[in-house]
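Trainee: Each chain is listed here by its residues.
There are 4 protein chains.
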Amino acid sequence: MRKQNKKANMAGNSIGQFFRVTTFGESHGTALGCIVDGVPPSIALTEGDIQQDLDRRRPGTSRYTTQRCEPDKVQILSGVFQGITTGTSIGLIIKNTDQRSQDYSSIKNVFRPGHADYTYEQKYGNRDYCGGGRSSARETAMRVAAGAIAKKYLKEKHGVHIRGYLAQMGDISCHMKDWDQVEQNPFFCPDSSQVEELDKLMRMLRKAGDSVGAKITVIAKKVPVGLGEPVFDRLDADLAHALMSINAVKGVEIGDGFSVVNKRGSDNRDEITATGFQSNHAGGILGGISSGQDIIAHLALKPTSSIMIPGKTINKQGEEVEIVTRGRHDPCVGIRAVPIAEAMMAIIIMDHLLRQRAQCADVNSGAPRW
Amino acid sequence: MRKQNKKANMAGNSIGQFFRVTTFGESHGTALGCIVDGVPPSIALTEGDIQQDLDRRRPGTSRYTTQRCEPDKVQILSGVFQGITTGTSIGLIIKNTDQRSQDYSSIKNVFRPGHADYTYEQKYGNRDYCGGGRSSARETAMRVAAGAIAKKYLKEKHGVHIRGYLAQMGDISCHMKDWDQVEQNPFFCPDSSQVEELDKLMRMLRKAGDSVGAKITVIAKKVPVGLGEPVFDRLDADLAHALMSINAVKGVEIGDGFSVVNKRGSDNRDEITATGFQSNHAGGILGGISSGQDIIAHLALKPTSSIMIPGKTINKQGEEVEIVTRGRHDPCVGIRAVPIAEAMMAIIIMDHLLRQRAQCADVNSGAPRW
Amino acid sequence: MRKQNKKANMAGNSIGQFFRVTTFGESHGTALGCIVDGVPPSIALTEGDIQQDLDRRRPGTSRYTTQRCEPDKVQILSGVFQGITTGTSIGLIIKNTDQRSQDYSSIKNVFRPGHADYTYEQKYGNRDYCGGGRSSARETAMRVAAGAIAKKYLKEKHGVHIRGYLAQMGDISCHMKDWDQVEQNPFFCPDSSQVEELDKLMRMLRKAGDSVGAKITVIAKKVPVGLGEPVFDRLDADLAHALMSINAVKGVEIGDGFSVVNKRGSDNRDEITATGFQSNHAGGILGGISSGQDIIAHLALKPTSSIMIPGKTINKQGEEVEIVTRGRHDPCVGIRAVPIAEAMMAIIIMDHLLRQRAQCADVNSGAPRW
Amino acid sequence: MRKQNKKANMAGNSIGQFFRVTTFGESHGTALGCIVDGVPPSIALTEGDIQQDLDRRRPGTSRYTTQRCEPDKVQILSGVFQGITTGTSIGLIIKNTDQRSQDYSSIKNVFRPGHADYTYEQKYGNRDYCGGGRSSARETAMRVAAGAIAKKYLKEKHGVHIRGYLAQMGDISCHMKDWDQVEQNPFFCPDSSQVEELDKLMRMLRKAGDSVGAKITVIAKKVPVGLGEPVFDRLDADLAHALMSINAVKGVEIGDGFSVVNKRGSDNRDEITATGFQSNHAGGILGGISSGQDIIAHLALKPTSSIMIPGKTINKQGEEVEIVTRGRHDPCVGIRAVPIAEAMMAIIIMDHLLRQRAQCADVNSGAPRW
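Protein chains in written order, with full-length UniProt numbering: chain Z, 1 to 370; chain X, 1 to 370; chain S, 1 to 370; chain H, 1 to 370.
Chain Z extracted, bound-state conformation:
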C-alpha cells in the first residue's frame, strides 16, 4: 500500500540541442503543437511544405488505416516573416477537429493489455483515457511537422535526401525495386508487384480482428562526413534514441544490424580503394561518426495491441475482465511509421549538422579525400 498518494508529472518532451523540437498536446485535446528552435534564418518556408508530409501520414488516406478523417491542417504561428524564416522559434499548431470519444468509453476502467494504460495509471493516476492520450500515434503529427522543416532544409541547402520504405510486413519481405513506387501505394512498398499480397494480408487481418508487425528501412543519402561526437553523442546512438522513441518500436539496427553477429571480420569490414568504399556493412556510420556513405537504419515495429480479439486484463480494482477494443485501429501500424522514421532521422541529422558547424569543420559532400 502506498503512503504517499502523489503522482508523477511528465516532462521529457524535447529532442535535440541545436535543432530543438518541443511538443505539446494530447490526442483528443484541443490542439497539438510544437516549437522548433534553431531553424536557420533566410529559408523559404510555407505551411504547404509541412502539410505535404503530414498528408502522407494522415488518417483516412487509405482504407487500411484509422478511420479518423481529420484534415490535420498545420498553422505556422511564428518564426516566419513574409515567407522566409527569421531564425526565431517556429511555433506550429494543429487543431483537433475529429474526436470520437464515445468509442473509448468502454475502456475507461480497464487496462488494455500491451498498451501504456497500466504503466500510465501506476505512474500518473489521472489517465486521459481517450485514444491513448499523449502516447497516441497522433502525437507524432508534430514530429512529422518538425521533421518536414528539417528535411526541406537538408535537401535544399545540403542535398541530403532522406527516404524510407516498408521492408517487411509479417512474413512478407519487400524488395527495393524503385523509390518512385514507394509513394504509389498505401503501404510505402518499394515493389508494386507485392502490393496485392500485402493487401490480401491486411484484409485477412481486419476480418480476423488481429494485427501484425512490420520492419521499416530508412536511408539518408549524401550525408556529410564527420557528423557525430565520439563517446556519448554518437550519431548512431542519437539515431537509435530517436527511432526507439517512436511508439511500437522494439528494435533498431544500423547497417547490417543483427546479421553481423554471424559474420567474420574479413567479410564485415568495408574496404577502401581509390574508387572509394567497396561495401557498406557499417550503414554509413563508423565509430559513431558519419563516413559519407548512405546512412541505413532498420526499425522493428510490434503489432498493435488494440485488436478485436478479446484478451485478458484487469480493471482498476484488480478484477479479471475481458477486453474487446472497438474504435478505429490499424491492422499494421508499420504503414504509418515510414514518414515518422524519416522525420526523426531528419531531425537528428539536422541537429548534428548544426553542431558540426559549431566546430568549424568543413561540410563535405561525402566524397573521400583523394
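It is worth saying that the hints were derived from the structure and are not from the lab. The beta carbon of each residue, even a glycine, is placed where N, CA and C say it ideally should be. Among the hints, a few may not be true.
The following label-pair restraints were derived from C-beta to C-beta distances [to be verified]: (1) H/Ser279 with S/Arg203: 26 to 36 Å; (2) Z/Ser192 with X/Asp55: 34 to 44 Å; (3) S/Met176 with Z/His158: 53 to 63 Å; (4) Z/His158 with H/Asn280: 35 to 45 Å; (5) Z/Arg203 with X/Asp55: 53 to 63 Å.
Here chain X is said to cover these stretches of chain H; the calculated rule only asks that three of the stretch's residues, wherever they fall, bring their Cβ under 8 Å from a Cβ of chain X [as the list claims (entries may be wrong)]: (6) 13-25; (7) 80-92.
Using the hints, position chains X, S and H against chain Z.
Mentor: What follows is chains X, S and H alone, placed relative to chain Z:
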C-alpha cells in the same frame, strides 16, 4: 579541396541528467578519468567496490583477450569522506601503465578499414594513432567504473539486479542454464557445456587471424514501475542510446526485438490476470515506461576490423595500400562487452530512478496494484 | 565586407530544467505562446488563474503605459483535463489582436540607438522591424503566464509568496509601507503618499518626450531551506540569470547587494541565536543555497531608448541620420517589470524545488532545526 | 522533526554548453580536478599556460592572503598530444599538498555565521567541515585553470583580451590609471599611488580581526559582435550567472549598472555616428547581444564571515554558543576574486563564441558595418 583548414573539436563526453557521468582520457594517454555527479550521499563506497567490476573486463584476464596486462587500478579522488559518499562529485582516475605504442607505428599513415581512422582524420586532423585513441575499448573502463557505483546503489538501496551474458558468438547460440555459470568461464557463457565449443572457435579464429561477431543479452530485475518519460525521454529510447554508444554495437533490441515483425497482436501482447503478467514480450517496457517486469535488452556487436588478414585501404595521399594489423587484438570483442552493457544499463536506470524521485512518485517494487 | 553572407539563427528560448518554459512568438506576429513542462499533475488550474497576472501588466491599464489596448487573453491548449493538470506539457497561447505596424514604418531603415536593432541586423539580417520583434517587452507576456502557474503551485502547495514593488524611480525612492498599497496604484508603489510625486514625474517626462530608469525589489517568503546546488547551479546564480534576462535590466543584487562593498564582516554577517537569524543581509541565500529567510532581490532597469527627443544614429548604408521615435512608449518601463520579475523568481524557485525533490531532501518550512 | 532522514546529493558542477567545464574535488580532499570539453583542436597548450593564471591567485603570494603555501601545480591528463590540443576532453588535476585540518577542529559542531555551514547541514547532513569543503575558495582553482585555457584561445585566435582590477575596497575607490600597474601590486589595484592606503586598511583589519567588502571590475575587449541569444541565453544573463556563482558575490552589474536608475533615456542611450558608438553606458551588450564595444561588468563581494571577532551562533543541538574562527583567512576576499572573475568571463565568452560558429555568423572584429 578544402577552403577552410579548421578542424572540429570533440565534446559529447557526458551521459545522464540526474546521475551524470563525464569521462576523459585516451587509451594511450597519461590517465583515464571520469566525474560522476548525482550520487546520493551516505552510501558506503570503496575503491574495491569499483575494482571488482573493472577486473571482470581487465585485459589479460584470459588468453583470448588483448595482451595488455595492465592492472587498471581505480582511485577515488573526491566525493567520499571516511568511506561514505558526501553527495559531491566523485572523481575517479585510472593511470595507464602499459602502453605498447610501438605496436602501432606501422599504421600511422594508413586508414584501417572498419575503424574510425578515416572518419577521425577527416574530422579531426590530428589523429592520435596509438591503439585507437579515444574510441578504443579501453575508454570503456571509466563507464564500467561509473556503472559499478550505480549497480551498487541500485542493488543495495532498491534491490535491482543487473546482469548480462553472451547469447551468441558467430553461429553458436548460448542458452541460459544458470546465472552462476556466467562468471565461471571467460566467455560470460551461461551454459558451461558450451565453453569447449566456444574455445574451439576462438582458437580457430586466432590461428586464421580473423574475428567474429557476438550478441549480448542484459537483464535488469526488480526495476520499479514507472521509470521513463513519454515522448522523448522514454526508458527504452535512453537504453537504446546508451547501448548503441558502445563501440562495435550495430543493433539494439528490447524484449522480443526484431522477432515481433512476424508476430500477430494476439500472440505478442502481454496479457494480465490476477496473478500478474502472463508473458514478457515487451521486455519490461510499455509505452516507454518500465512495467515492473524484467527489462531485457539484446545487443549485436560486429566483428573486430583489426585482424591479421590483409585488407585493402588507402593512405593519406589516397594511394591504395595493404594493411596488416599487428598488436594486441580480440578475435571477439563480445567477450568484453558484457560488463560494459551492464554498466550502461545501470547508469540509465539510476538516472531515471533519480528523476522519478523528482516527481514524487512512489518507487514500487514492481508488484502490480492488485 | 563579408565573405560569407550567412546569418545566424536564434535558439535559447528555454529556461529551467525541472520546470521548463519554452516560448515562441513575435510582438507583431500571429500569436505568442509557450510550453510549460514539468507542472505536477492534480493541480487545479484555469485560464483565469493565469489571466489575472497578465492583466497586471496589460498595456492600456493606466494612462502611462503603452497605448496598445490588447486584451492579451490566454488560452490553455493542453495539459489540463477537466480543470486539473494531467502532468503533461501545458501549451499556452495568446493571440495578437492589436498591431499598429504603421507606427513603425519610419524606422525600417535606421538603427534606433540603445535598441537591439544594430546588433540584430549585424547578427540576423532579416530584422523584423515592427515594435522590437522578439525582444519586445510583449514577449514577456508568456513569461508572466508561465510564472503565474508557478506562483499558484508554490503558494497553494508550499505556502511560498512572491511579491514585488517599485523601490525607486529616477531620484524618487519608494518606501515599503504596506503590501496592500502596491496593487492600489499603477506604479506598484508600496507607499500611496508617494503616488502623486511619481505621477508628476511621469507627466513631466511624457511632455519632455524622455524616459527614466527604475529599481525593482522582489521578495519570496517562506522559501524552504536547501534550494540550490553549489558550484554552478546556485540559487542566487540562477536568479541572477533569470532577472538579467529581462529586457532593460543592467544590474542584479541579492540581499544588501552593492552596499556590502563598504561593510565590515562584523556588521554584515547574519548571526544566529536560539530565536533564529538576527538579520538578513544575505537576502535569504548563503553559499548559493536558500537559508529559509526571505529571498530579496533588486533589479536596475535602464530608461527606455525609444523617446521623442531626436538622437543620432546611422542607417544601413552607414550614413548619419536623426531618429525620432513615435508610436506607443513608456516613460518608465519599470512600471511593468514588477510582474515579470515576480514571474521569473517563481519560475526559478519552482525549478529548484522540483530538483530538490529529486534528491529526497525534506522540504522544510524554513524553520531552523532547533 | 523530520520523518525521512534522507539527505540530498549534490550535482550542478558543470557550466557551459559548447565550452563545458565540469569540476570535482574538495578543499581538503585528495585532489581537485576538472574536465574541459569543447576545446578546439590544434591549439598549443602547456601546463605553464595554465599555471601562470593559477599563480596569480595562489595562497601565500602576499602577506595578506591565506597562509596556505601550496604550490597548486596543475597537471594535464588528457586532450593534449605533443603539446597540441587534440580536441578531446582535457582532464586537469591539482593535488592538495598542504592541508591544515587541525585549524578547523573547533568548528566541527558549530555553525559559522555567514557561512554555508548551516544550510549545508540542513541539506546534506554529512558536512565535510574542513575549510569549507566544496564551497571553499580553493575550489575556484579549477575554474581559473579552465578559464586560462579559454583566455589563451580567445587571445591568440580572436584577439579578445579579458582583464580585471580592484575597483573599490571598503570606502577606498581605485581609479584606472594603467593596466600594467594592476599586476604590480598584490591588490590588483590599477593605481600604484593608492597601494599604501590599501595596505594600511588591510593591516588595520588584520589587527582588528575583521574583514571588508570589495568591488571588482572586469573588462573584455575586442569581443565580436553578435554573441548571445535573445530571450533566455543572453550574453548578459549568462555572465550574471557565472559571476554570481563566485563565492561571496552579492551583486552584478553590466555597464552602468545601478546608476541607470537615476538616468534619463536621453543621457543613457549610446548614440551612433559615422565614427561609431559615442559612449558605452550599455557596457558592450545591447538586447542581450554583444555590440562589439568593451564588455564591462562589476561585482560586489561581501566581507568574509570568518573573522577573529567572536560572533553568536548555534551548535547542532540548537544551543547558543560563541564562535571564534582561527586558521588562515582573508581580511578581503576581493583581492583574489580578480583572476576568478576573468576566468568566468572567459569561459562564458568562449562558450558563446563556439555557439555562434554553429550559426555560421561571421565573426567580426567588432567594427561597425560602415
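Trainee: Which numbered hints does this structure break?
Mentor: 2
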